[in-house]
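Engineer: Line by line, the protein sequences give chains H, E, X and F.
Take 0 as the starting number for the first sequence in numbering that gives the first Met the number 0 and just add one per residue.
Take 0 as the starting number for the second sequence in numbering that gives the first Met the number 0 and just add one per residue.
Take 0 as the starting number for the third sequence in numbering that gives the first Met the number 0 and just add one per residue.
Take 0 as the starting number for the fourth sequence in numbering that gives the first Met the number 0 and just add one per residue.
Source of the hints: derived by calculation from the structure; they are not laboratory data.
Treat the hints loosely; a few may be bogus.
All copies of an identical chain are treated as equivalent in the list; a pair is satisfied when it fits inside any one copy or across any two copies.
Claimed, not checked - Dumping the calculated DSBU-like pairs for lysine-lysine here, alpha-carbon to alpha-carbon at most 30 Å: (1) Lys31 x Lys50; (2) Lys138 x Lys7; (3) Lys70 x Lys124; (4) Lys124 x Lys3; (5) Lys3 x Lys31; (6) Lys34 x Lys138; (7) Lys7 x Lys68; (8) Lys3 x Lys78.
Chain by chain, the residues:
There are 4 protein chains.
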Amino acid sequence: MGIKDRPKYRLIIEAAVDVIAENGFHQAQVSKIAKRAGVADGTIYIYFKNKEDILISVFREKMGDFIEKIKAEIMTQEKPGEKLATLVRMHFTQLAAHRNLAIVTQLELRQSNQAIRHKINETLKDYIAVIDSVVDYGKEHHIFRENLDTRLARQMIFGTLDETVSNWVMNDQRFDLAALAEPVSDLLLNGLTR
Amino acid sequence: MGIKDRPKYRLIIEAAVDVIAENGFHQAQVSKIAKRAGVADGTIYIYFKNKEDILISVFREKMGDFIEKIKAEIMTQEKPGEKLATLVRMHFTQLAAHRNLAIVTQLELRQSNQAIRHKINETLKDYIAVIDSVVDYGKEHHIFRENLDTRLARQMIFGTLDETVSNWVMNDQRFDLAALAEPVSDLLLNGLTR
Amino acid sequence: MGIKDRPKYRLIIEAAVDVIAENGFHQAQVSKIAKRAGVADGTIYIYFKNKEDILISVFREKMGDFIEKIKAEIMTQEKPGEKLATLVRMHFTQLAAHRNLAIVTQLELRQSNQAIRHKINETLKDYIAVIDSVVDYGKEHHIFRENLDTRLARQMIFGTLDETVSNWVMNDQRFDLAALAEPVSDLLLNGLTR
Amino acid sequence: MGIKDRPKYRLIIEAAVDVIAENGFHQAQVSKIAKRAGVADGTIYIYFKNKEDILISVFREKMGDFIEKIKAEIMTQEKPGEKLATLVRMHFTQLAAHRNLAIVTQLELRQSNQAIRHKINETLKDYIAVIDSVVDYGKEHHIFRENLDTRLARQMIFGTLDETVSNWVMNDQRFDLAALAEPVSDLLLNGLTR
DNA sequence: AATGAATGAGGTTTCATTCAT
DNA sequence: TATGAATGAAACCTCATTCAT
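Whenever a hint applies, use it, and build me the whole structure from the sequences.
Structural biologist: Structure follows, in structure tokens:
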């Protein structure tokens with residue numbers, strides 16, 4: 000049984016998300032995470048190499064689930080427009096359903112140093128690939144413009160989603176994020192088609 | 000003569016940008032900034048209340064210029080599409096021309112604590128207003144769709160620009176950012192029109 | 000087992016007394032106390048909230064003992080005059096026996112800021128109560144004048160003792176403090192009786 | 000004309016008393032004293048060698064007056080008891096009339112380092128001599144006990160006065176200090192006579 | 001495997017003093 | 001004489017990580 004399957008591994012990951020969301024990145028000390036997880040400080044270091052490893056693991060585990068679910072849902076769709084709409088909807092609904100996770104990924108983890116953010120970007124590459132595949136699928140099916148630059152399209156899609164969720168988090172989640180799925184995917188679709 | 004007009008004020012601001020860009024946010028000690036500016040550590044505190052004040056001032060001064068120049072350039076344009084194209088072009092060319100500033104605003108200052116980021120967001124509101132005015136202008140002139148949600152459109156525009164510049168910085172400025180101005184503004188325009 | 004019962008707690012208290020007595024209040028850096036106690040700087044902060052807390056604790060612990068011993072000894076006496084004589088004798092002999100403590104309480108801790116001195120005064124209130132009880136006891140037994148103002152009498156007693164010890168400390172303990180116990184208590188007694 | 004007779008010298012002395020009384024010893028920066036005196040920081044150093052010199056001068060000038068007035072008043076008395084009563088009364092009334100001075104001498108200047116307090120004690124020696132002369136006068140006139148140890152008597156007198164004024168200052172001058180002159184001198188007299 | 005007491009490096013800020021004008 | 005901008009040394013405290021138990 001790998002170390003990641005033992006109960007305390009997940010306990011620490013969950014504790015880290017909550018502690019960071021509630022206290023902010025700079026107030027999320029290892030000892031605080033340990034106390035929340037109900038383990039000793041030293042135990043953390045049996046499961047994680049160092050603090051950086053905790054943060055990266057939080058992102059990898061949580062974003063892994065996040066991406067897998069989006070992938071699975073997109074696969075059920077045939078039409079390019081539906082795939083894009085599904086992507087947007089899943090992106091928003093998942094983060095709306097897990098506010099602490101949204102706070103951690105949109106606000107707090109971005110305060111980490113360059114080393115951590117570099118590792119985080121590695122994980123994001125999987126998501127980038129999903130977006131790119133949706134764009135390419137649309138181009139192949141002649142729904143999106145064929146001279147569309149995939150990278151630019153992806154930056155527009157990801158940038159728009161990211162900026163929207165960030166606004167939602169920074170406004171203390173006061174508006175209904177899920178409700179924005181439709182107008183946002185319409186807006187993006189309008190930019191990609193023809 | 001206000002304190003901000005004395006030569007050392009600007010000297011320290013410029014030194015801060017360079018030191019942060021070259022060493023990273025967390026390695027930008029006050030003593031390093033002072034040495035780069037050619038002043039004593041204590042002199043910093045004649046011009047700035049504390050370290051936080053230096054960082055906020057860097058952003059305010061630099062983004063102030065940045066926004067003013069974009070505003071001025073946009074005003075010379077009549078057509079909504081040209082205004083948007085100008086916004087995108089100015090955003091990219093200014094940051095491409097001041098790489099250290101781009102590194103500081105896109106990467107390093109985002110690692111600051113919530114207090115600093117809150118103050119930074121205050122300055123960004125001026126830029127938000129500029130983007131909103133371009134969107135509204137386009138709607139009023141029946142070039143952009145009239146049922147377009149201004150906030151969503153702005154999030155798409157800003158999100159796309161920000162994501163693109165961040166990609167450029169994180170890729171060590173290996174591609175020509177300014178050259179992306181035209182395809183990106185075309186892409187955005189396509190999303191906003193009709 | 001409380002944190003104050005762990006050996007390092009007392010080790011740090013003792014180190015603080017010695018370092019302050021030998022170096023003076025303003026030259027008693029935390030790192031110097033830590034080195035003298037044989038612990039790391041950070042260890043200090045496991046046992047004490049901050050530097051102020053060390054100083055207050057030194058006074059509370061040491062004066063606590065000081066007062067308890069005087070109290071116990073006074074209780075063994077029946078005659079008011081003997082109680083006063085015991086108070087004076089114990090005050091002088093204890094401080095004469097612990098010169099570093101005398102230096103710290105008479106000279107060095109008085110250089111602390113108002114917050115610390117306020118906390119120190121809290122501890123002194125216990126001593127004030129002991130003196131007051133001796134005065135009241137003498138009045139009740141018709142040995143001290145019955146119209147004697149307890150507060151004034153206490154100020155005379157404490158002021159005289161304190162001034163005498165301060166003189167002894169400032170004269171580098173060149174005279175025999177303990178030998179002054181008898182003449183001083185005679186002098187005070189003369190002022191209080193009839 | 001000596002430097003001490005020029006108007007700014009006294010201006011700075013008065014400013015120092017007020018600034019220390021109002022802000023506390025540790026918050027009485029040279030720049031604050033300069034601003035209060037209406038002079039530039041650098042001007043302070045034309046009149047005083049350094050900050051220590053300001054503090055010592057404050058004490059010397061103010062206590063000089065204080066002692067001179069007590070001396071003069073005592074000389075008008077013939078009887079030993081009256082001389083002592085006058086000493087006590089003048090001590091209390093002068094400090095009661097100059098609260099800022101009382102705060103500075105009783106509370107704030109005692110927070111200074113040993114070097115300053117040593118110099119302050121030099122000035123106090125003049126006062127010590129005055130008290131001693133009163134004690135000796137009483138002994139010579141067979142009013143005070145002849146075997147009275149002058150130093151002990153002086154420590155009792157000064158300690159009692161000092162402790163009483165300190166209590167008054169620390170209780171925010173809530174009671175009438177001058178009114179204590181009579182009972183305190185009676186108490187002291189009782190201790191010295193017979 | 002689990003604990004938690006102990007470690008120690010590192011940086012922001014204050015303020016007395018100087019000196020060119 | 002007077003100014004006030006500039007200097008620069010010095011210390012408290014935090015917290016990620018270790019290791020004896």
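Engineer: Now look at each hint and say whether the structure bears it out.
Structural biologist: Against the structure, the hints:
1. Lys31 x Lys50: For Lys31 and Lys50, both the intra-copy (12 Å) and inter-copy (24 Å) Cα distances are at most 30 Å.
2. Lys138 x Lys7: Intra 45 Å, inter 55 Å, cutoff 30 Å: neither.
3. Lys70 x Lys124: Close inside one copy (13 Å), not across copies (35 Å); limit 30 Å.
4. Lys124 x Lys3: within (22 Å within a copy, 43 Å between copies)
5. Lys3 x Lys31: Result: close both inside a copy and across copies, 21 Å intra and 24 Å inter.
6. Lys34 x Lys138: neither (51 Å within a copy, 54 Å between copies)
7. Lys7 x Lys68: within (24 Å within a copy, 53 Å between copies)
8. Lys3 x Lys78: neither (38 Å within a copy, 58 Å between copies)
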